[in-house]
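S.K.: Model the placement of chain B on the given structure of chain A, informed by the hints.
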Amino acid sequence: MARIIVQEAEFDIAAEMAALTASRTDIGALASFTGICRADEGLAAMVLEHYPGMTERAMARIAAEAEGRWPLTGCTLIHRVGRLPPGAPIVLVLTASGHRGAALDACAFLMDWLKTRAPFWKREEFTAGHARWVEARAEDDAAAERW
Amino acid sequence: MQILYFAWVREKTGCGGEEITLPAEVRDVGGLMRHLAALSPGHAAAFANPAVIRAAVNQDFATSGDLVTNGDEVAFFPPVTGG
Chain A
3 MARIIVQEAE FDIAAEMAAL TASRTDIGAL ASFTGICRAD EGLAAMVLEH YPGMTERAMA
63 RIAAEAEGRW PLTGCTLIHR VGRLPPGAPI VLVLTASGHR GAALDACAFL MDWLKTRAPF
123 WKREEFTAGH ARWVEARAED DAAAERW
Chain B
-17 MQILYFAWVR EKTGCGGEEI TLPAEVRDVG GLMRHLAALS PGHAAAFANP AVIRAAVNQD
43 FATSGDLVTN GDEVAFFPPV TGG
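Protein chains in written order, with the numbering used here: chain A, 3 to 149; chain B, -17 to 65.
Bear in mind the hints are in silico, worked out from the structure with no lab data behind them.
A virtual CB, placed ideally from N, CA and C, is assigned to each residue, including glycine.
Heads up, a few of these hints could be off.
Derived list of chain A stretches under chain B, where covered just means 3 residues or more per stretch with a C-beta under 8 Å from a C-beta of chain B [stated by the list, open to error]:
(1) 43 to 56
(2) 119 to 125
(3) 129 to 138
What follows is a list of derived Cβ distance ranges for each label pair [what the hints assert, rightly or not]:
(4) B:Ser22 <-> A:Glu43: 28 to 38 Å
(5) B:Ala19 <-> A:Thr27: 51 to 61 Å
(6) B:Pro61 <-> A:Gly55: 15 to 25 Å
For reference, chain B alone in the conformation it holds in the complex:
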């Protein structure tokens, strides 16, 4: 699956995105965050406080309980600040 990071989440993980294989035990956005947090110290820093991270699944805003599958594009970013 395609993972994307934006703003300070991108800076902390050290990459704009990555292709991963979704582990069988990971079913939702919250579980995916815990899985990604274990990938590197940068990822751990990015996901240290899941409450301040927002997510999108296939370009729609999602919450931690929303389900994910291996074909999804999932993005993680801070609360938006446009306008």
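Excised from the complex, chain A in its bound form:
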């Protein structure tokens, strides 16, 4: 059963990793991905909006898909919403498994599907005062399709 969280607050990566391995000795690999708000030219902040209710459902479905494809002992998906400045962590994916292949592949799969199948939208606010909605990228769709 995956741990699925949507929150405004920053997440504690070390604590989340420790929670997945606590009191277990069957885990040989713990993979992690952290998405960070990159300071693109003139970016003041990223504002993340989501569809409460559907977001959690979609994330749970994506996690269940990963658990069906790889022998995971644990999985954590945390996605932040609200206004995030450059340098702020946005998303955390953790996967634990007996071996690294499953953990690494499941982690990459979860990120690819999160980007294309969970209802989040990013709006970029610039220091000059203007703002724009981030457009979906064909490369992200292609990355999600490869699984």
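M.R.: Positioned in the frame of chain A, the structure of chain B alone reads:
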């Protein structure tokens, strides 16, 4: 039925959502988009290019041919950009 809008679809329609009564002749998501587009100039702008709008019926992704009924929650939004 409950209609929800997100991201720039919300900005263009000018509201996060609205309660409407589904007209008898509207049967699917595509028809609902055409119906909503006629509600105001903002709605018309939001739905001007249906190809760039995504939808969900009762919190599951849906396509224009999927059926809708009066008790449904239907959301319209741009392609997702999380992660």
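S.K.: Does each hint hold? Answer for all of them.
M.R.: A quick look at each hint next to the structure:
Counting residues of the region 43 to 56 of chain A whose CB lies closer than 8 Å to any CB of chain B gives 6, which reaches the minimum of 3, so the coverage claim holds. Under the rule that three or more residues need a Cβ within less than 8 Å of chain B, the assignment of the region 119 to 125 of chain A holds, with 7 such residues. Under a criterion of three residues with beta carbons nearer than 8 Å to beta carbons of chain B, the stated coverage of the region 129 to 138 of chain A is upheld, 4 such residues being counted. Between Ser22 (chain B) and Glu43 (chain A) the CB atoms are about 36 Å apart, so this pair conforms to the stated range of 28 to 38 Å.
For the pair Ala19 (chain B) and Thr27 (chain A), the supplied restraint of 51 to 61 Å holds, since their beta-carbon distance comes to about 59 Å. Separation of Pro61 (chain B) from Gly55 (chain A) is about 19 Å and conforms to the stated range, judged on CB atoms against 15 to 25 Å.
When each numbered hint is compared with the structure, no violation occurs for any of them.
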